[in-house]
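Trainee: Sequence:
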Amino acid sequence: METKTTLNTIQLATTADRAAIVDLLESLHLPTVDLPVTLDNFVIAKDKETVVGCGGLELYGSIALLRSLAVATHLQGQGLGNLLYRAALDLALEKGIQEVYLITTTAADFFLKQDFRKVERAQVPTVIQQTAQFTSVCPTSATIMQKTII
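Here the sequence shown stands for residues 1 to 150, where the numbers follow full-length UniProt numbering.
Note that these hints are calculated values from the structure, not bench results. Please read all numbers here as calculations on a predicted model, not as lab measurements. Incorrect hints may appear among the rest.
Straight-line C-alpha distance at most 25 Å; calculated DSS-like pairs for lysine-lysine [claimed, not checked]:
no., residue 1, residue 2
1, Lys95, Lys113
2, Lys46, Lys95
3, Lys113, Lys147
4, Lys48, Lys95
5, Lys147, Lys118
6, Lys118, Lys95
Here are the computed distance ranges between Cβ atoms for each label pair [as the list claims (entries may be wrong)]:
no., residue 1, residue 2, range
7, Thr14, Asp90, 23 to 31 Å
8, Ser136, His74, 18 to 26 Å
9, Val37, Gln78, 26 to 34 Å
Quick reminder that beta carbons are idealized off the backbone N, C-alpha and C, glycines included.
Start from the sequences and build out the full structure, keeping to the hints where you can.
Mentor: This is how it looks when you write it as structure tokens:
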């Protein structure tokens, strides 16, 4: 059986997409409490008008925190996560980011394939240590990863 999709290209998110992004993240049991209001530096994928994937960056000078990379369950394993990741990375490069960090409880293997490396909490720059993701949203048992992109 072939699955048909009307998936549009990856695009920048707007404030109007926020509720749909929250719905997607919550359906995947991912945190939304600290999701930025404006969604600057977030990318999304839509199937017709439904947000089926997202990912975003929190920018801190030349360092970014990659967060909320998510794909709707019915589209997982089809490469959409990789497309969203690459779009977020392209956005990071456009913004002059040199180093990207992320915190994950479920996707370490995916990010290892993208040339991220695991790092200890003490090795993380202070600016990332002060984020809500680091201090309270993600558990201390989460894997922290880093990639130099420039």
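Trainee: Would you mind marking each hint as holding or not holding in the structure?
Mentor: So, going through the hints one by one against the coordinates:
{"no.": "1", "hint": "Lys95 / Lys113", "verdict": "holds, 23 Å"}
{"no.": "2", "hint": "Lys46 / Lys95", "verdict": "holds, 24 Å"}
{"no.": "3", "hint": "Lys113 / Lys147", "verdict": "holds, 11 Å"}
{"no.": "4", "hint": "Lys48 / Lys95", "verdict": "violated, 29 Å"}
{"no.": "5", "hint": "Lys147 / Lys118", "verdict": "holds, 9 Å"}
{"no.": "6", "hint": "Lys118 / Lys95", "verdict": "holds, 24 Å"}
{"no.": "7", "hint": "Thr14 / Asp90: 23 to 31 Å", "verdict": "violated, 18 Å"}
{"no.": "8", "hint": "Ser136 / His74: 18 to 26 Å", "verdict": "violated, 31 Å"}
{"no.": "9", "hint": "Val37 / Gln78: 26 to 34 Å", "verdict": "holds, 31 Å"}
Going through the hint list in order, the structure does not satisfy hints 4, 7, 8.
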